Amino acid sequence: MKIMAKRILLSVLWTACLGIGIFAFDRIFLGARETVGWIQTSKFGEIPPKAQFFGVPPYLPRFLGWPPQRIFYRTLPSAGWWIELGFSADSQKRGPALWIGTAPESPPAELGDLIPCLREEASCPKGWHSLSVLTAGGQKIEVLTRLEAMESARLIEGLRRIQPAQK
Amino acid sequence: MWTHWVASFLLTNFVQGALALVWCAGLRGAVGARSYAFRARLLEWVLIFPVFVFVLQQVAQQIFSAQTADSFVFARIDLWLASISGEGHGLGFPIKLALGFLWTLTTLIFVVQEVAPLFARQTGALQTSVPHPRLEQSKLRICKNLSGVTLAFAVRVYEEEGLNAFLKGLFRPVLYVSSGLMSKLNDEELDAVLGHEWAHLYYGGPLRMLVIWFLRALQAANPAALIAFRSLVETREKACDELAGWITKNPEAMLSALRKTQVADLSKAVASGAPKVGAREEIIRRGEALSLQERVAAIQLAEFDRPNMGLTWVLLPMLALLLWGIR
Chain A
1 MKIMAKRILL SVLWTACLGI GIFAFDRIFL GARETVGWIQ TSKFGEIPPK AQFFGVPPYL
61 PRFLGWPPQR IFYRTLPSAG WWIELGFSAD SQKRGPALWI GTAPESPPAE LGDLIPCLRE
121 EASCPKGWHS LSVLTAGGQK IEVLTRLEAM ESARLIEGLR RIQPAQK
Chain B
1 MWTHWVASFL LTNFVQGALA LVWCAGLRGA VGARSYAFRA RLLEWVLIFP VFVFVLQQVA
61 QQIFSAQTAD SFVFARIDLW LASISGEGHG LGFPIKLALG FLWTLTTLIF VVQEVAPLFA
121 RQTGALQTSV PHPRLEQSKL RICKNLSGVT LAFAVRVYEE EGLNAFLKGL FRPVLYVSSG
181 LMSKLNDEEL DAVLGHEWAH LYYGGPLRML VIWFLRALQA ANPAALIAFR SLVETREKAC
241 DELAGWITKN PEAMLSALRK TQVADLSKAV ASGAPKVGAR EEIIRRGEAL SLQERVAAIQ
301 LAEFDRPNMG LTWVLLPMLA LLLWGIR
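Just so you know, the sequences run in chain order A and B. As numbered in our numbering, residues 1 to 167 make up the first sequence, in order. As numbered in our numbering, residues 1 to 327 make up the second sequence, in order.
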């Protein structure tokens, strides 16, 4: 009985050693907090520079609320971010008005019905449009909007002027 | 999307298999030199668990939320994959190339070593096999040693000069003994051979090996599965020798039968003459000779007792937990 207990204890120790070993290897080489895929946050400060988020859009219509209703970012498998803006409280319209982001090939699932719209304008829900713009900094930004054409054009023009991030 | 899933399966399977193999090897130090049956059981787990755990992980991911599924993770395979395929560092391409080479080579070895022999097996001679009084008597003697337990397989002799005995058939297995082997062995040695084949049935027989082979096939690209499967085949033979020694109460007869086979194998090789033997035959012959040599060595150190597998059930959850953390 004593021998059996000793063998079980040694087996537990050996198993634990292997578990700790692979855990240490993983965390040392790949970092403690990195996660693959989209992460939702409520603060811009939590977005790491590796996600390549540019900050506040240079132009936003007055009737849109700020800060964004939802913020997503990711660093792996590739950098990306998305923000959702809704109408402000004093606006007559309700619900989401605008999504701005990058990495259109695999956007956050929270975009829902708007995901096919990124691939084909014809798949957009009624009233929504898909636009994209290359900034002065060389970043391609996708815009999903249900704003009026004039406001969308101003927004796109503002985004186009974004300079490369200072290193 | 499916390419990501395949890459994820290959990497998870590789890491889990390698870890299970290391765990298994280390346990021999932790729990002492156990019987070959015990070692064979652990090696089976090395092949079963990575597939079983991966399926469970996929189911858990569908059922539970991402947060729940992400807890208790030792190695984040998605992150490993992302790091390998990610841009901005020079390591991605060499690692991908090395893994691709390793997986392709292992799959090729699997096809040559485990699949091709299935099609090359000659079964013509077995159709003219007949029962033999010596084999029936041997069977009765072993039943007596097993205190009334019947041997649940038929025994037949077939015409072949070579020294061979094997089980065939999944649900109603038949033991075929070559006429060459019958003429070489005395009654005690024949009992040892039958005891060895009975041990194969005791450990699950051809059906169990087929299931294990199928799981091995699912992990064809995994080098850890390649090592585990070959070790399992060898260890299973030693476990059967061990149990046969216990059944017949005559381990020396087992040893003597193996030595006769070894000597006959060697004289056949000398008689045939090296230049006439093809490379493939020579490789197979050398492999068999090495295997026999190891079995002869192992039988001299074996524990001739009914295997005590109690400890394996305590170890089972440990391996399951360890592999669960790899995803």
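Where hints are given, some of them may not hold.
[Unchecked claim] FRET-style restraints, in silico, Cβ to Cβ:
1) B/Gly92 with A/Cys17: 38 to 46 Å
2) B/Leu218 with A/Cys17: 24 to 32 Å
3) B/Val55 with A/Lys126: 38 to 46 Å
Bear in mind the hints are in silico, worked out from the structure with no lab data behind them. This one's a predicted model, so the numbers in the text were calculated from it and none came from an experiment. By construction, the Cβ of each residue, glycine as well, lies at the ideal position given by its N, Cα and C atoms.
Outcome of the hint check:
1. B/Gly92 with A/Cys17: 38 to 46 Å: violated (30 Å)
2. B/Leu218 with A/Cys17: 24 to 32 Å: holds (29 Å)
3. B/Val55 with A/Lys126: 38 to 46 Å: holds (42 Å)
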